[in-house]
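Student: Residue numbers (the working numbering), protein chains in the order written: chain V, 574 to 1116; chain E, 9 to 88.
Worth flagging that the hints you see were computed from the coordinates, not collected in a lab. Among the hints, erroneous ones may be present.
Pair ranges (Cβ atoms, derived) [said to hold, decoys possible]:
| # | chain 1 | residue 1 | chain 2 | residue 2 | range |
| --- | --- | --- | --- | --- | --- |
| 1 | V | Arg784 | E | Val54 | 48 to 56 Å |
| 2 | V | Met1065 | E | Leu27 | 40 to 48 Å |
| 3 | E | Ile40 | V | Arg784 | 23 to 31 Å |
| 4 | E | Leu27 | V | Phe680 | 52 to 60 Å |
| 5 | V | Asn938 | E | Leu38 | 14 to 22 Å |
| 6 | V | Gly664 | E | Val54 | 33 to 41 Å |
Quick caveat, the model's predicted, so the values are computed rather than measured. C-beta: ideal position from N, C-alpha, C; glycine also.
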Amino acid sequence: MIDPTVVDLSRTQFAVTVLYHFLFVPLTLGLSFLLAAMETVYVVTGKVIYKQMAQFWGKLFMINFALGVATGLTMEFEFGTNWSFYSGFVGDIFGAPLAIEGLMAFFMESTFVGLMIFGWDRLRKGQHLAVTYLVALGSNLSALWILIANGFMQDPRGAVFDPTTMRMQLTSFTQLIFSPDAQAKFVHTSIAGYVTAALFVAGVSAWYMLRKRHLELARRSFRMAVLFGVLATMGVITLGDALGFVGAHAQPTKLAAMEGLWKSESAPMAWNVIAFPSQQAQKNVGVIQIPYVLSLLATHSLYGTVPGMLELEKRAARRIQNGIPAIEALQTLSKHPRDAAAMAQFKAHEKDLGFGFLLQRYAPNVATATPVQIRQAARDAIPEVSVVFWSFRIMVGLGLAMLAFFVLGVIYTMRNVVQDRPWFLKTAVWMIPIPFIACEMGWLVAEVGRQPWTVFEILPTWMSASTHSVGYLVFSLIGFVLLYTVFIIIEMYLMVRAIRQGPESHGSGGGHRNVTTTHGGLPRPTLALQPSSSALQRSNREE
Amino acid sequence: MTNMPTEASAVKTFLLFVLFMFLAVVVIALAIVLGEKGTWYFAWLVGTVMIVLIAAAGGALLDTQDEQAEAECDRGHETH
Chain V
574 MIDPTVVDLS RTQFAVTVLY HFLFVPLTLG LSFLLAAMET VYVVTGKVIY
624 KQMAQFWGKL FMINFALGVA TGLTMEFEFG TNWSFYSGFV GDIFGAPLAI
674 EGLMAFFMES TFVGLMIFGW DRLRKGQHLA VTYLVALGSN LSALWILIAN
724 GFMQDPRGAV FDPTTMRMQL TSFTQLIFSP DAQAKFVHTS IAGYVTAALF
774 VAGVSAWYML RKRHLELARR SFRMAVLFGV LATMGVITLG DALGFVGAHA
824 QPTKLAAMEG LWKSESAPMA WNVIAFPSQQ AQKNVGVIQI PYVLSLLATH
874 SLYGTVPGML ELEKRAARRI QNGIPAIEAL QTLSKHPRDA AAMAQFKAHE
924 KDLGFGFLLQ RYAPNVATAT PVQIRQAARD AIPEVSVVFW SFRIMVGLGL
974 AMLAFFVLGV IYTMRNVVQD RPWFLKTAVW MIPIPFIACE MGWLVAEVGR
1024 QPWTVFEILP TWMSASTHSV GYLVFSLIGF VLLYTVFIII EMYLMVRAIR
1074 QGPESHGSGG GHRNVTTTHG GLPRPTLALQ PSSSALQRSN REE
Chain E
9 MTNMPTEASA VKTFLLFVLF MFLAVVVIAL AIVLGEKGTW YFAWLVGTVM
59 IVLIAAAGGA LLDTQDEQAE AECDRGHETH
């Protein structure tokens, strides 16, 4: 049996590397399409300011992209080094989307990103625009395949356990890629990236506007970013609801933990806005509720109900008992693969095999498991409620705050008065970290909520890890934390430096044109570089 | 020989026609499969295109608003 400390350290190490990596990913996903939007306007209108915008934000995109790649590569190796049993057990399924991600999406984005950055003078406008769209598509397809793999861990479909090879085998690639969880998760994550990029661009543009710098670039970038952001935020909320709805059926324990629902209630169920869940006492304290809302949120009906964690724990205990014969049959089959009686016994209980594995943590010989050990294992079936509950609420709260920000931003920018609202511009700058925090919280909900499983209800986390020593894991964990912290510092330094420099480094005046607003809210351009508006229009047209 | 550019142009047009027809068939097939099996994937495709285009239109609209404002200012100066 693997030392529980090793399992916890392996989990911590993977969580740390993923959370660091996930600081870079959302910006790449969203900024690539925002660049495409800017370049589309450049190609359609021929105005050089949009080319400068695409080049300037493209430079920031590249800084983020490079560090995102550097932090992402290690995780694929971690599956082999730290999660070797897991990799062997589900490698046939999990490996396929990861391989496709590398061969198709990652190669695609990596190839075209070079053309995007260095091809401005070598490609025609239309060709370069196509390249930018391909970078955006490649980045998001990369996320798609990763999230298909993750979707399998959340809601395993298209695979069966083969008792003769003792591994999971892929039976339907279609079921794997069209899994409802994978679909909702991909769209939710991808669009969360759009929100992140929109707030990043809006925040930096607001910073320029506060300092009256690069106003041509900042006003246009802000306008495009808030429009991009408001639609994306509406999408991310919609998909969040879809993911919760899918999750209510696929992962009831996660949903119950997200809502802090210990006891099953009759419809219409009340929603816990605030609560302090106690894992030990299996109840909440300090609860503030809104009546009816949970039924609507979780089932889209006032008459719908979802089971509470205490009921789910009882169900888990029953499934653990049903999983015991499956484990016993598996032990027989490992010695006598042609034993028909053992195979029949296994087939009769195979859907609860994973629950039998849960019990093995406390009773390596499941035949002699005591009721106390079964209760302990059943209690493990409930994830860490307070982490899931509060991560979910922080994510949702920040999502709603971002929606309010973008709606207000759209109103101000469409009325052309955003520069007269310094408080709003300052808020925009301070809002930049918000979507990053929301994304991290979302990841915590997804992954902590899946516990105690690596593959939901099939493979428990406790038996998925490699048999390393504690010292090795502590050493590598400290190494990763130090290295990735250096990466973050480098990213911050390069980003801040590039933002302070502004778009001048690309030449063409950096979009200098100061615009002040009149009482009517309409802009009165005061030109810093050009003597007349007609000259400005000429300078804004490249061809 | 004088017909060569016209013939080349016709061939190019035909090839473009074939290419666009092929793309149209691929897009329709993709839409049918995704609409049937991957509704959220389909929603992502449509939604992303919409978000990008609306953001782009917003940028272009700002230019129009600026030009209108300039024109109004110029008119204001002329009347004074």
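Student: Next step is simple, just say for each hint if it's right about the structure.
Tutor: Status of the hints after comparison with the structure:
no., hint, in the structure
1, V/Arg784 with E/Val54: 48 to 56 Å, "38 Å, violated"
2, V/Met1065 with E/Leu27: 40 to 48 Å, "45 Å, holds"
3, E/Ile40 with V/Arg784: 23 to 31 Å, "51 Å, violated"
4, E/Leu27 with V/Phe680: 52 to 60 Å, "24 Å, violated"
5, V/Asn938 with E/Leu38: 14 to 22 Å, "53 Å, violated"
6, V/Gly664 with E/Val54: 33 to 41 Å, "35 Å, holds"
Against the hints set out earlier in the document, violations occur for numbers 1, 3, 4, 5.
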